[in-house]
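Chemist: Given next are the chains, with one letter for each unit.
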Amino acid sequence: MGVITTKDLHKVYSETKVPVNALNGISLSIEEAEFTAIVGPSGSGKTTLLNMLGGLDAPTSGEVYINGTNITGLPSRRLIDFRLHNIGFVFQSFNLIPVLTARENVEFILQLQGVGKTERQQRAVELLEAVGLPDKIDNRPGDLSGGQQQRVSVARALASKPRFILADEPTANLDSKSTAELLDIMMKMNEQYKTTFIFSTHDQRVMDRARRIITIEDGKVAKDETK
Amino acid sequence: MVILAVTLGLFGILFMIAISNGMVEQKIDASIHNEISHIQIHLPEFMQDQSLAFSMDSVKQMEDEISSIPGVRAVSSRIKALAMASTAATGAGVIINAIDPEKEKAVTKIYQFITEGDYFETTGRSAPILVSKKLSTKLKAKIGSKIVITIQHASGELAYGLFRVSGIYKTSNAIYDEPNIFVKKDDLISLTGYEQGKASEIAILLDNVDQTDPVTDNLRAKFPSLSVLPWKELEPILLALSSMMDQMSYFLLIIILVAMAFGIINTMMMAVLERTREIGMLMAVGMNKRKVFLMIMLETVFLAMVGTFFGIVISAVTIHFTGMNGLNFAAWAEGYEAFGYSALVYPSLYLDFYIGMTVLVIITAIISSIYPARKALRFNPAAAIREDA
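Heads up: the protein sequence lines correspond to chains A and B, in order.
Okay, so the first sequence: first residue is 282 according to the numbering used here, each after it adds one.
Okay, so the second sequence: first residue is 53 according to the numbering used here, each after it adds one.
Hints should not be assumed to be uniformly reliable.
Below are the BS3-like pairs computed for lysine-lysine, each with C-alpha atoms no more than 25 Å apart in a straight line [said to hold, decoys possible]:
| id | chain 1 | residue 1 | chain 2 | residue 2 |
| --- | --- | --- | --- | --- |
| 1 | A | Lys442 | B | Lys341 |
| 2 | A | Lys398 | B | Lys341 |
| 3 | B | Lys343 | A | Lys442 |
| 4 | B | Lys236 | B | Lys157 |
| 5 | B | Lys237 | B | Lys198 |
| 6 | A | Lys508 | A | Lys469 |
| 7 | A | Lys442 | A | Lys398 |
| 8 | B | Lys185 | B | Lys157 |
| 9 | A | Lys398 | A | Lys417 |
| 10 | A | Lys469 | A | Lys458 |
| 11 | A | Lys398 | B | Lys343 |
Simulated from the structure, these hints should not be mistaken for lab results.
I would like the entire structure built from these sequences, with the hints used as guidance.
Modeler: Right under this line is the structure:
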């Protein structure tokens, strides 16, 4: 069993008059240190799949295993705690806390985990240096460019030493240069920490860097290519 | 907005209560210092029938004994009776207070309220009389006018005495002013054949109102056959007034706290909805529901405390300033005085009220934060993250 394994995932949204089958039986396995892109047209189910993998949404049927733990049936409180210790997130709109500095945004995750002040400050600085922002530690998100904010977001995602990081369209709001810098850093983190990176993306630049591309169409895996 | 709501709400309620407190305190203070003093002593029968027949003996000795009690500042005895006051124009029922002017000055402040004439300083052929402005208007009397007092003589017959208005006074209590007139003791004694050394009433002023109860107990033990009445029993309406004002204040307080609560709920709901993405992110990365709930609650409480600080500072400064200089409601003076209140109000508020209000505001903030916090907990993190900014 890989870091992440899904078994026959189905998701039906019944809020609308006509139910929407977002996922139609997805079974896949993603191993440690993979650099995987999930691609597909809009409405194909990429985001829904990512939400399932991250435990942010529950499938209508099927199971999701992370490190051997079936997260599908976990009660809410345990699921939140599981996410905190096992999953990192990088969002399209960065989602940094605007009133905190870069360091405080990274420290925040460690604070949730109950890490002591000295250790979390040290780790936050290390991670920000690792993502190439040693001189932006005390800057607030408003003082950073889009690319820099996303790098802080990556540092935050890595702070909890997760088994994998889910990145939903991380380059959508970045220019070419920032995208290239971000991907370099992510690949470096992937090699250095053996952290699995899973992207949901339309960006060809991301697809070019990914070592595995899973194509979703109509809620199913249409193609699964490893380079 | 939360800070503003709390600041304004707190200022509003504290200032209103300070005004109402000030009015009640002034009313009590005025009653004690202008009218009834802290304690009065009479024969028990006198309270039912204010007749000259119900007088106390050996008053001088009693005054000396009372003066030696710790806490007693001044003592004055009076002869008091119901009478009729007439001028050429008309007549009116009055309460005669026959006093020793100098001793009376130590116990009441009537001498400070003289608006025309003087306080028994003018001498002449006719006995001087001090009347209120209200009575003088009713009787169409002015300084120098003659007033005939009709009163029961010691023999049981009616006696008629001619007095000349030497002074006109006006306190803030029109209800007290109208019937009360003042003459010298000797003048009333010679008119009525009243015995020297007797008095209807002994009025006692204390150093401090807090000493009323212990001194009353002391006097009751010394003079068990007499009626010793503290101001609370002489004018129970004063206490009732204070209690009524307190109840009104609490009622207003509840209204303002409820309004404040709605203001806080509205503002915090907006804050929560504006931060949907941020809250969704926090829940996604692993902030548990208890922490999300606490975060919103603590934010609300901190904002309320900042508002409380500003509200208290503004209130304290305003109350202190107006407490020193007074708030003049001169435009409504007649109305105020008709109910026995001064139109110049000195707001006052004690420290424990500020502390109490702070606690109540914090409780209100905590309760108000529950709904927005619960709203935040119902966010679906996946959907919240993708909400438009």
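Chemist: Each of the hints needs a verdict: does it hold here or not?
Modeler: Now the hints, each set against the structure:
no., hint, result
1, Lys442/A with Lys341/B, "holds, 22 Å"
2, Lys398/A with Lys341/B, "holds, 23 Å"
3, Lys343/B with Lys442/A, "holds, 21 Å"
4, Lys236/B with Lys157/B, "holds, 13 Å"
5, Lys237/B with Lys198/B, "holds, 19 Å"
6, Lys508/A with Lys469/A, "holds, 18 Å"
7, Lys442/A with Lys398/A, "holds, 17 Å"
8, Lys185/B with Lys157/B, "holds, 19 Å"
9, Lys398/A with Lys417/A, "holds, 20 Å"
10, Lys469/A with Lys458/A, "holds, 17 Å"
11, Lys398/A with Lys343/B, "holds, 18 Å"
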